[in-house]
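J.: Using the hints, position chains B, C and D against chain A.
Protein chains: 4
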Amino acid sequence: MRKAVAAVMPAPDQPVELREYPLPELADGEALLRVDYSEVCGTDVHLHRGRLAGVPYPLIPGHVTAGTLAAVRGDLRDVYGVPLREGDVVTFLDVHRTCHQCWYCLVAKASTRCPSRKVYGITYGAADGLCGGWASHVHLLAGTRVIRLENATPRDFLLGGCSLPTGLHALDRAQVQIGESVLVLGIGPVGLSCIALARAAGAALVLAIGGPANRVAAASAMGADAVLDLTVMSADQRAEWVRERTGGRGADVVIEATGVPDAVVQAMRCARDAGRVVVVGQYTDHGEVAFNPHLDLNKKHLDVRGCWGSDYSHFHRAVQVAGHERLGAPWRSLPVREFRLADAGQALAAVANGEVVKALLRP
Amino acid sequence: MRKAVAAVMPAPDQPVELREYPLPELADGEALLRVDYSEVCGTDVHLHRGRLAGVPYPLIPGHVTAGTLAAVRGDLRDVYGVPLREGDVVTFLDVHRTCHQCWYCLVAKASTRCPSRKVYGITYGAADGLCGGWASHVHLLAGTRVIRLENATPRDFLLGGCSLPTGLHALDRAQVQIGESVLVLGIGPVGLSCIALARAAGAALVLAIGGPANRVAAASAMGADAVLDLTVMSADQRAEWVRERTGGRGADVVIEATGVPDAVVQAMRCARDAGRVVVVGQYTDHGEVAFNPHLDLNKKHLDVRGCWGSDYSHFHRAVQVAGHERLGAPWRSLPVREFRLADAGQALAAVANGEVVKALLRP
Amino acid sequence: MRKAVAAVMPAPDQPVELREYPLPELADGEALLRVDYSEVCGTDVHLHRGRLAGVPYPLIPGHVTAGTLAAVRGDLRDVYGVPLREGDVVTFLDVHRTCHQCWYCLVAKASTRCPSRKVYGITYGAADGLCGGWASHVHLLAGTRVIRLENATPRDFLLGGCSLPTGLHALDRAQVQIGESVLVLGIGPVGLSCIALARAAGAALVLAIGGPANRVAAASAMGADAVLDLTVMSADQRAEWVRERTGGRGADVVIEATGVPDAVVQAMRCARDAGRVVVVGQYTDHGEVAFNPHLDLNKKHLDVRGCWGSDYSHFHRAVQVAGHERLGAPWRSLPVREFRLADAGQALAAVANGEVVKALLRP
Amino acid sequence: MRKAVAAVMPAPDQPVELREYPLPELADGEALLRVDYSEVCGTDVHLHRGRLAGVPYPLIPGHVTAGTLAAVRGDLRDVYGVPLREGDVVTFLDVHRTCHQCWYCLVAKASTRCPSRKVYGITYGAADGLCGGWASHVHLLAGTRVIRLENATPRDFLLGGCSLPTGLHALDRAQVQIGESVLVLGIGPVGLSCIALARAAGAALVLAIGGPANRVAAASAMGADAVLDLTVMSADQRAEWVRERTGGRGADVVIEATGVPDAVVQAMRCARDAGRVVVVGQYTDHGEVAFNPHLDLNKKHLDVRGCWGSDYSHFHRAVQVAGHERLGAPWRSLPVREFRLADAGQALAAVANGEVVKALLRP
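So the sequence lines, in the order shown, correspond to chains A, B, C and D. Under this note's numbering, read the first sequence as residues 1 to 363, first letter to last. Under this note's numbering, read the second sequence as residues 1001 to 1363, first letter to last. Under this note's numbering, read the third sequence as residues 2001 to 2363, first letter to last. Under this note's numbering, read the fourth sequence as residues 3001 to 3363, first letter to last.
For reference, chain A alone in the conformation it holds in the complex:
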């Protein structure tokens, strides 16, 4: 019988290693995905460092993943009601088991806060089966939302990867009007996607602050009108740099996509009065930061909006955007480095130190 191979994080701070697993028996409504591409993202770096709560190591990382259906058992359909079949090129929503039965799902309509929510490659561990994308195969459990990649290759889609639905959710929260100015703090994959999406949403001016140099170049390529290297100025000088480009007022919208607590306060200080701040970068606990509620929030009449996870609607539109000739173009220009599964550890290191803009894994 054939085996699957996966790159596994045995425990926090342990080297990633290749392991073999038997291919799963499929239950009704399940499928087996042969992975074409997965990715290495900032969350994977945090997973490797043990910074997320509730992760069941050993873990097969890799949440957003695309490939080809190797087997389908029973009735599995996409949102259009069209049956999915062997050979279809697909991706799937990494979020699984939001229950659609609890108060958060049904009354608050905030499924990203559903207590039953599980995420492939993050809160499903190797003990749950082949539930991560750093593998030759992924076991698509019943209820997984699968979607065809009609106009994008798996590689095209992974160029955006998890940053694309995350960025779309952030832009939904930002409510950009045509002609506004948007500042993006952080130019990792999420920040880069937010740059391209802010532009797609009609921003007349997209500013970005981050580093290192290779990402600064990528930020320009994604459509930022001006990019400031984070390291060359103090926080106050950076805020001044923003004000100089926004009529002295600050940006209409600031999207924080850094992971650094201090950036949330910077975001508030770089936003204009009565503007909007979307916080999409604080996915792990890096501790506290001090702010001034009078000067930074109330007197500014600011809207500060947390943005946690994404749901199927964001994922669906991410697939649309990736496959769209015009809207998807920025991601296709991203500098990418591809790694084999056996080199997943190197990929992690390259993402951690920022030496690659985007790292893809190819089994």
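Incorrect hints may appear among the rest.
Below, simulated DSS-like cross-link-like pairs (lysine-lysine); rule was C-alpha separation at most 25 Å, straight line [as the list claims (entries may be wrong)]: (1) D/Lys3118 - B/Lys1109; (2) A/Lys109 - C/Lys2118; (3) A/Lys109 - C/Lys2109.
What the simulated footprint calls covered on chain D by chain A, stretch by stretch (three residues with Cβ under 8 Å from a Cβ of chain A suffice, anywhere in the stretch; the number is not a length) [to be verified]: (4) 3160 to 3174; (5) 3177 to 3187; (6) 3285 to 3293; (7) 3316 to 3325.
These aren't lab readings, by the way, just hints derived from the structure by calculation. Computed from a prediction, not measured in an experiment: that's the story for all the values here. Heads up, the beta-carbon is just placed ideally off N, CA and C, and yes, glycines get one too.
T.: Below, chains B, C and D without anything else, positioned relative to chain A:
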């Protein structure tokens, strides 16, 4: 010639003193108000301590004020186009000179952040004339928005006073749905108004936390379903008290109306995931406070909304609410102490130490 | 073996008749409800006349229903995750099988337009089993959302019945601000609920237009500040009646709850410029009506909002409201007539001719 | 003394004629604009046919206009507070005298419905002075909002002209999300601008229906992904054409920009369930049209939004968009025909019969 008398703050931390002023010559579109009632609010305490920036002492405090038109010069009309006349019982929007010409007024539509904005009794000083309500008369400058008190006496209206438009603005920002739970932090006049307004907006459960004891009783009278004395529990215990009453989740909406920076973080921690926090209490700079952007904001998918000042729409509806038999009833039950102008200093002290719930000034 | 008894509509325009059915075998996750109360609503009148498309006669009508769990098989939980047990007094969301898998459910987040949606007592027929409330028992199929009536009796809850979630949905769409004026067209159960809910949401003025006389009295009792008998004036005079009470402008919000096409145009004409119209009464096809897009819509800068069905969030809050001492009080004052199952035909007639305000069925 | 020359509509259906007027004396805060470009738009055709109410003929048409300040008297500043000076190249908001004092301006915040609102070239007649753009000079009355054309020539700005702020207002109302489909009905200047702006706002698919052939070509050039000639299919076939391109559902957003009442109903029928319809084309009264409130509105859970006029915020952003390298590009590709003042009548005829896409007037 007759004189006006006013209670004046000569400078921060100086005793309030009575002074005489000549009655003003009215220019076209101006009016003279004979004051029936003004109030002493928390902002006046801050003014007395010199905690607000840009205040031109000596100052005649008293921003929200009601009385009788003693004289009108030229064409002065209300929003319905009806001319205002001598003898009309009126109040006026304390905010003046929002320019309706600048980027904030016209493009951002955020008139409370208009740089030209002036406030009677706060940023107009005695040098500007009789521009505060702690006086026998107020000089209503051209462009002041004056409104008749059709169904409320001046005293009725001042029972809400400045807390009523402020509270209405906070409730607009809160977007309460029928059946939701609302927690109000702080039970000074603004908090008390927010309690009554949250109930008016359809909240099924209104919780409040604050002190001292006389205000706890007032909070219940205003419609809070449960009130917790701030002093009897730790912050963590208070958050637990809220969760016990909200299905373990926290309140759908938290309105911060305390003035204490720490309360903003408490507000975030007492809100349910994907809930809303309105910050309406941070009117002066009391320094910084630390929060955890991951746990308190992003992971909670929270909306945190600053709420600065109020505009004519809030003021107009405040007059409507105060004069409304059903909606205005809570304020008419508030325990009030009246002071004469000569006792304004005592009134300030009584507000500062919380010994009165609401202090009115009557010339 | 015990039998269930149900009042059945054999076909459109046929007399309702009692029929016996075997009690169902329960599958896993299913339950059997012993009905305490169901209701006869306007939709039932339309069903009896064959005016709804896609109804599988013979039909056991009765969509919103409450009672006692006679049997539960397997794991059935409420939204709080608490298991439901025999003897629990409950109601259930009449909407079933919104799939949470299709484009409307997942991308548009408009579950009331899910093509798979089924409604107990309307699109489930007798051939589907005991799936209507005009019966001694209802078969609660797997996936049915069941909720305990903690603070309301079944009778209390049915006083609002289907009009309560419908009205809550309409009020969500209406976005009433404290102090606004709301006009409700139609004073059947949905209109009556909208009156009470508009008041609960903070309206300072609630106007209503409808008939006949017994409902006019009920509209006042539910909280309308003024009620106009539909029959005593022309449409133009009615619009004038509204303007006289709203400063000449029309109502800030108009909620159409009549079922008559012409009322939709009336609603637009009775709304103030830049106001909101919610259309919640057009549940069956009564043909076309003419309007003037320039005068009635574009020049008025109006928002006209269709409001179709309701989802679990509305139903959940309906249960909360019904069981709430203050918010639920209006419905407890409604004049109600109770009918036995055998008299369901009489109940239908009494609802059809408006001789009862609210008709309950009690097995 | 120098004279101004203007093209005047003496009365409805009378030939346009050139007339001379003395140059005005400027009062404080006023300016004289030497016109570089004005335009002939659909409203001008309606004005010529006498289809608008309240127009004080004889009329100097031309509402949106750009040129050079020939004289400035006293203190005239832009929204940034920068004084305007002779020689500045500017445009101005054609809407004047929204009072910022009435209930609509101050409470409803709906300045486009202010009863005092006047529009240059439409509700200011020749008797009011040089208050239309079909002239060598325009008299900019005190209170007129003037804005510099920093990055656009007067000709560039007039390529969008009045359709640009109108379209921006429509897109604000439409709330397009990245990836949505937008159908534009009508491909005159407003429709063409809506096409380009829908694309700018992130639509993944922009469809358009209209005519004649020269405009069909322009619609493609402005960014429509597919354009249907209105004349080749029936209304039902056109709706089918839309559904075929939108997964069988209809468009997420439909923007009606035709002026034909029937198109409003078409718009509702071409929108998907739970979608949005913006009505921006019904600027004159062309009578009634029949629709089905059940099928077209309520059952579809549709939002139908009137969109009347525009305010300074839309105008300000229009200037930004026109002068923006990327966002303004579509308009710079529009086929334009320029006319001299003496040929204004020919320009009107060419606009009326659709033989030009865009007609500019150049004194």
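J.: Hint by hint, note whether the structure agrees.
T.: We went through each hint and held it up to the structure:
Distance hint between D/Lys3118 and B/Lys1109 is fulfilled; the C-alpha atoms sit about 21 Å from each other, no more than 25 Å. Taking the CA atoms of A/Lys109 and C/Lys2118, the gap is near 21 Å; set against the 25 Å cutoff, the hint holds. A distance of roughly 9 Å separates the Cα atoms of A/Lys109 and C/Lys2109; the hinted pair therefore holds under the 25 Å criterion. Against chain A, the stretch 3160 to 3174 of chain D contributes 3 residues with a C-beta closer than 8 Å to a partner C-beta. That satisfies the three-residue criterion, and the hint holds.
Here's how the stretch 3177 to 3187 of chain D fares: 3 of its residues keep a CB closer than 8 Å to some CB of chain A, so the rule of at least three is met and the hint holds. Counting residues of the stretch 3285 to 3293 of chain D whose CB lies closer than 8 Å to any CB of chain A gives 0, which falls below the minimum of 3, so the coverage claim is violated. Counting residues of the stretch 3316 to 3325 of chain D whose C-beta lies closer than 8 Å to any C-beta of chain A gives 4; at least three are required, and the coverage claim holds.
In summary, the structure is inconsistent with hint 6 from the numbered list given earlier, while agreeing with all the others.
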